[in-house]
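Q: Here the structure of chain Z is known, so what remains is to put chain L in place on it, guided by the hints.
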Amino acid sequence: MSVDMRTTVAGVEFKNPVIAASGTFGFGREYNNFYDVGKLGGISSKGLTLKPRLGNPPVRIAETPSGMLNSVGLQNPGVEAFIETELPFMKSLGTVVIANVAGATESDYVSIVDILSKTDVDMIELNISCPNVKNGGMAFGVSPDSVESITRAVRKACKKPLIVKLTPNVSCIADNARAAERGGADAISLINTVAGMAVDYKTRKPVLAVGGGGLSGACVKPIALRMVHECFKTVGTPIMGLGGIMTGEDAAEFMLCGASAVQVGTANILDPFASLRIVNELTNLAESDNIAKITSIIGGLIVE
Amino acid sequence: MKAEKCDLTLKSIEKFGNVYRVVCESKKKLPHMAAGQFAHIKVPNRELRRPICIYDNTDTTVSFIIASVGAGTEAFTAQKPGAEFDALLPLGNGFPILPDVTNVALLGGGTGCAPLLKIAKDNPSLNCTALLGFPNAAAREVYKDDFDKVCDRVCYCTDDGSFGYHGYPTELLTEIAPDVLYVCGAPGMMKTAQKFCADRGTVGFASTEQRMGCGVGACLVCSVRINRDGKEKLLRACADGPVFALEELVL
Numbered sequence: 001m002s003v004d005m006r007t008t009v010a011g012v013e014f015k016n017p018v019i020a021a022s023g024t025f026g027f028g029r030e031y032n033n034f035y036d037v038g039k040l041g042g043i044s045s046k047g048l049t050l051k052p053r054l055g056n057p058p059v060r061i062a063e064t065p066s067g068m069l070n071s072v073g074l075q076n077p078g079v080e081a082f083i084e085t086e087l088p089f090m091k092s093l094g095t096v097v098i099a100n101v102a103g104a105t106e107s108d109y110v111s112i113v114d115i116l117s118k119t120d121v122d123m124i125e126l127n128i129s130c131p132n133v134k135n136g137g138m139a140f141g142v143s144p145d146s147v148e149s150i151t152r153a154v155r156k157a158c159k160k161p162l163i164v165k166l167t168p169n170v171s172c173i174a175d176n177a178r179a180a181e182r183g184g185a186d187a188i189s190l191i192n193t194v195a196g197m198a199v200d201y202k203t204r205k206p207v208l209a210v211g212g213g214g215l216s217g218a219c220v221k222p223i224a225l226r227m228v229h230e231c232f233k234t235v236g237t238p239i240m241g242l243g244g245i246m247t248g249e250d251a252a253e254f255m256l257c258g259a260s261a262v263q264v265g266t267a268n269i270l271d272p273f274a275s276l277r278i279v280n281e282l283t284n285l286a287e288s289d290n291i292a293k294i295t296s297i298i299g300g301l302i303v304e
Numbered sequence: 001m002k003a004e005k006c007d008l009t010l011k012s013i014e015k016f017g018n019v020y021r022v023v024c025e026s027k028k029k030l031p032h033m034a035a036g037q038f039a040h041i042k043v044p045n046r047e048l049r050r051p052i053c054i055y056d057n058t059d060t061t062v063s064f065i066i067a068s069v070g071a072g073t074e075a076f077t078a079q080k081p082g083a084e085f086d087a088l089l090p091l092g093n094g095f096p097i098l099p100d101v102t103n104v105a106l107l108g109g110g111t112g113c114a115p116l117l118k119i120a121k122d123n124p125s126l127n128c129t130a131l132l133g134f135p136n137a138a139a140r141e142v143y144k145d146d147f148d149k150v151c152d153r154v155c156y157c158t159d160d161g162s163f164g165y166h167g168y169p170t171e172l173l174t175e176i177a178p179d180v181l182y183v184c185g186a187p188g189m190m191k192t193a194q195k196f197c198a199d200r201g202t203v204g205f206a207s208t209e210q211r212m213g214c215g216v217g218a219c220l221v222c223s224v225r226i227n228r229d230g231k232e233k234l235l236r237a238c239a240d241g242p243v244f245a246l247e248e249l250v251l
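From first to last, the protein sequence lines are chains Z and L.
By the numbering used here, the letter at position 149 of the first sequence is numbered 149, and the numbering carries on one by one without gaps.
By the numbering used here, the letter at position 9 of the second sequence is numbered 9, and the numbering carries on one by one without gaps.
For reference, chain Z alone in the conformation it holds in the complex (with noise of 0.2 Å):
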């Protein structure tokens, strides 16, 4: 029996719900030596800001136990580089195309929301939850007041289905979820890389240039699963799950605690083809279970 793998996501279809996570991917170009990187639902783009962005002097990431920590800091070529030279060839793969946006201010998210609204990406994804920068990103994302106000300014100028990206370093997830549909989201995504800190006891310094980082893989799972589920019991908003998924039956779980659709993120890194073994793995996952419909299972998680 062959599954129906796909899902819908704020009105946009996707052809499987494993979307390959920003800041993991690129613009999809490295990845498609490896593999056809349009047999994947998505691709939400590396962040993008208004202008260019050199980002955080290396080092750049450290290992930890089941995960890493990075602190890339937003590095990127610009919204208008991303239009001209990427957008083209992501639009050419057959996938759906999610733009990442960031920025220092209210007035760049409305911007670059502004401009990317003129161009054929198929959604937006609102990051307001970068711990790596340190204006703007997650200042805007940590209470639940500046999460409903700069959705709601983004909101007016965004054309495009609206994805705000949350993140878990807050006292209340449900509490941000609800602020992000109150200012109008679409969808939410979540979580952002928890935040976090290596520490070199040799040279007695912290092993990242800029000192702390983005917590993210297979640790940050239990923290994603249970926020995915806190939410799901919050809001009405549709929910694409992320952290720490490295298999099908990872996927399976975010699914089960509500989410519509599944990011991967981490795994990439580990594994250039990991993206695509999760499709794979989903999908006899859900064969071998006799399930019909992948979205069947959103939300069925057995609570007693």
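A few of these clues could be false.
Derived lysine to aspartate or glutamate pairs resembling EDC-like cross-links, with alpha carbons at most 16 Å apart [said to hold, decoys possible]:
(1) Z:Lys156 with Z:Glu106
(2) L:Lys15 with L:Glu141
(3) Z:Lys156 with Z:Glu84
(4) Z:Lys91 with Z:Asp36
(5) L:Lys42 with Z:Asp108
(6) L:Lys149 with L:Asp56
(7) L:Lys5 with Z:Asp108
(8) L:Lys2 with Z:Asp36
(9) L:Lys144 with L:Asp56
Hint data in this document are derived by calculation from the structure and do not stem from the laboratory.
A: Below, chain L without anything else, positioned relative to chain Z:
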């Protein structure tokens, strides 16, 4: 030279102090590899792959010189012959070989000598002088007589004078006066080489290293500071390098 994910088996591993000479083999024909390219190797019980430069290769084998300097290289070099793992290879841009140039110097320090061997081996028409620096005589043994076999001249240099020239290999650059200099070593060596090339108008290429994530150019963690077009840029060691023009390196 498209990178592939290759299944490898550890064929032999020899220990020389904290440096290992590792030969891996593949049941299938391996892709073509150029001097200066690297492999991104899966390490047991670690999350991230480890980028290791390709030292030597045949159609079905690839070898590496690996210093055990941290958790990843320690775990990798603790493996025994027969261990199986995969590696993405070949990755990155190797050393450019310029036409109509014959007098070439290979300047390496410690494990930094490893990416240079294939320059001489793959280009027999080059007149290669290897200037190889080590702390002491024992530290050069991992290379056996590999450089002697493929270079026209090899100058071993030791900090303590226990073998070959007593001093830094960079001190011999003026005497060799190469048309092209290929270098891989500690920042001090790179700096001296850069100044030598700048002063004399010599073309130089350097292999860099940085802590790496994906290895294929997507995650942007392995930044190297590069001065290009009058501006400082952060380029990817994995996909824009690891070899850069020596004059571009911000050291």
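Q: Evaluate each hint against the coordinates.
A: Evaluated hints:
1. Z:Lys156 with Z:Glu106: Holds - the C-alpha atoms of Glu106 of chain Z and Lys156 of chain Z are around 12 Å apart, at most 16 Å.
2. L:Lys15 with L:Glu141: 10 Å, holds
3. Z:Lys156 with Z:Glu84: 25 Å, violated
4. Z:Lys91 with Z:Asp36: 13 Å, holds
5. L:Lys42 with Z:Asp108: Violated, because 41 Å separates the two Cα atoms, which is more than 16 Å.
6. L:Lys149 with L:Asp56: 13 Å, holds
7. L:Lys5 with Z:Asp108: 41 Å, violated
8. L:Lys2 with Z:Asp36: OK: Lys2 of chain L and Asp36 of chain Z at ~14 Å, within 16 Å.
9. L:Lys144 with L:Asp56: Between Lys144 of chain L and Asp56 of chain L the Cα gap is close to 13 Å, so the pair holds against 16 Å.
Consistency with the previously given hints fails for numbers 3, 5, 7, ordered from lowest to highest.
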